[in-house]
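Residues per chain, in single letters:
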Amino acid sequence: MFQFYHQLLTICDIIYNSKMIKELFLAIALGSILGFGITGAFFALNKNKNNPKQNSIEISPTPTITDLQMTTEVNPTPAVSETNTSINITSPENNAVFSNSKISIKGDSKPNSLIVISTPTKTFSGKANSNGIFSISIELDSGINLIKISSIDIEDNQDQIELNLTYSTAKI
Amino acid sequence: MYLLLFLLSSLFFPTTTLSQEATTIPTKAPNKEVLEMVQQKVKDMLQQNDSSVDLTVPKSFVGTITQIDPTQVTINYKNESRVIILTDETVFIDLKRNKTKIDNIKEGQDILAMGYFNQYGNFEAKRVVVTDLKTIENKNEIILGKIVDISQSSPIFVLIPTKDKDIQYQIKTDSKTEILDKDNNKLSLDKLKSGQKIIVIIQPDAKIAKTFYVSKIITMDSPTAQVPETPANN
Numbered sequence: 002m003f004q005f006y007h008q009l010l011t012i013c014d015i016i017y018n019s020k021m022i023k024e025l026f027l028a029i030a031l032g033s034i035l036g037f038g039i040t041g042a043f044f045a046l047n048k049n050k051n052n053p054k055q056n057s058i059e060i061s062p063t064p065t066i067t068d069l070q071m072t073t074e075v076n077p078t079p080a081v082s083e084t085n086t087s088i089n090i091t092s093p094e095n096n097a098v099f100s101n102s103k104i105s106i107k108g109d110s111k112p113n114s115l116i117v118i119s120t121p122t123k124t125f126s127g128k129a130n131s132n133g134i135f136s137i138s139i140e141l142d143s144g145i146n147l148i149k150i151s152s153i154d155i156e157d158n159q160d161q162i163e164l165n166l167t168y169s170t171a172k173i
Numbered sequence: 011m012y013l014l015l016f017l018l019s020s021l022f023f024p025t026t027t028l029s030q031e032a033t034t035i036p037t038k039a040p041n042k043e044v045l046e047m048v049q050q051k052v053k054d055m056l057q058q059n060d061s062s063v064d065l066t067v068p069k070s071f072v073g074t075i076t077q078i079d080p081t082q083v084t085i086n087y088k089n090e091s092r093v094i095i096l097t098d099e100t101v102f103i104d105l106k107r108n109k110t111k112i113d114n115i116k117e118g119q120d121i122l123a124m125g126y127f128n129q130y131g132n133f134e135a136k137r138v139v140v141t142d143l144k145t146i147e148n149k150n151e152i153i154l155g156k157i158v159d160i161s162q163s164s165p166i167f168v169l170i171p172t173k174d175k176d177i178q179y180q181i182k183t184d185s186k187t188e189i190l191d192k193d194n195n196k197l198s199l200d201k202l203k204s205g206q207k208i209i210v211i212i213q214p215d216a217k218i219a220k221t222f223y224v225s226k227i228i229t230m231d232s233p234t235a236q237v238p239e240t241p242a243n244n
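Sequence lines, in order, name chains R and L.
Heads up: the first sequence at position 81 corresponds to 82 in my numbering, and the numbers run straight through without jumps.
Heads up: the second sequence at position 85 corresponds to 95 in my numbering, and the numbers run straight through without jumps.
Isolated chain R (complex conformation):
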């Protein structure tokens, strides 16, 4: 490239210093420039056509809410109320630990439903009020208690959820 430039400069110098044919060579030079320019532009356009990716605008992916949900850490203790049933436990939370064996299971279901709570060794029952709210006292066994809570409404529809509760007097 440098040599080419150098040669061109030399030619231009000769042309410039030669007064007689100055205009003629200037015209030739300008014509060449114009010709090269058009040819260069033509090649440049063709090159762009062959590699459309290089000139096309690439939009960096915008993070969507779905992406965020997928990457966000899952809630460590899934709430029992998120299950798709008519019964919802407001207290206690799943995987709770108690230092007292006697606790109350509170929640809501359909109005006047019968609530049956079964620990591995005992069964307790009670009724939801006209608003569907219930609170039933139960007694836990020592250690972990896998508890089944069933709700039967007045139309005999039955829903069930499970809770894992631990009773331990040990210092935690």
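Heads up, a few of these hints could be off.
Result set (EDC-like, lysine to aspartate or glutamate): computed pairs, CA atoms no more than 16 Å apart in a straight line [unchecked claim]: (1) L/K173 <-> R/E156; (2) R/K172 <-> L/E134; (3) R/K123 <-> L/E188; (4) R/K149 <-> L/E134.
Cβ-Cβ distance ranges computed for the label pairs, FRET-style [stated by the list, open to error]: (5) R/N132 <-> L/G205: 28 to 36 Å; (6) R/S105 <-> L/N114: 36 to 44 Å; (7) L/E188 <-> R/S105: 45 to 53 Å; (8) L/R107 <-> R/S131: 45 to 53 Å; (9) L/D231 <-> R/S131: 18 to 26 Å.
Quick caveat, the hints were computed from the structure, so don't treat them as lab data.
The model shown is predicted, which means the values in this text are computed figures rather than measured ones.
Yeah, the Cβ is synthetic: ideal placement off N, Cα and C, and Gly gets one too.
Following the hints, put chain L in place on chain R, whose structure we already have.
Just chain L now, kept in the frame of chain R:
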């Protein structure tokens, strides 16, 4: 001379400039609305996580050990894995309720881990108790159904569940079976009649196949068999 140089330069430089542009990958700035929405969503999620995990409330997790090392143990329960962080303060208790060391805790053992979530959302165990999932399993089933047959010679009746009428449960009672009405009043076994709608809390009888032992019966209505038929007017 300089005009000529300028024209010559302008002939070659545009092509190099074009090639530079081709390698540049411009990025489109995210829409302002989308950014605000994402920021709000992240804020909501952080708030939700903060409120759902109380760092002062003890929690417990049970499962079978799938992986263990001195700093953490991974357990699996009902196809859900959970990593539990072990610290110098973690106390290990074996099946005989004696203190033990982490070296005695192996993969395949069932454990109950009690502790707290830390500020990073990781569960740190304060106490790890070796247990047996089979012994703590709740085998009770709560079933609503209708009595279709009651044995007169043995304390057995047959129940068809409301949810699946193709199933029949052969249910055995004994002196410990508690029978209540909807208002928690105690009833005697002879109050049960065929056609009656009841809730039973049953578990499989280990001694007799396809037979269930009932620990509690709750009657839902009065037995239809006891309803006297209205005499027809002739």
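Hint by hint, which ones does this structure get wrong, listed from lowest number up? 4, 7
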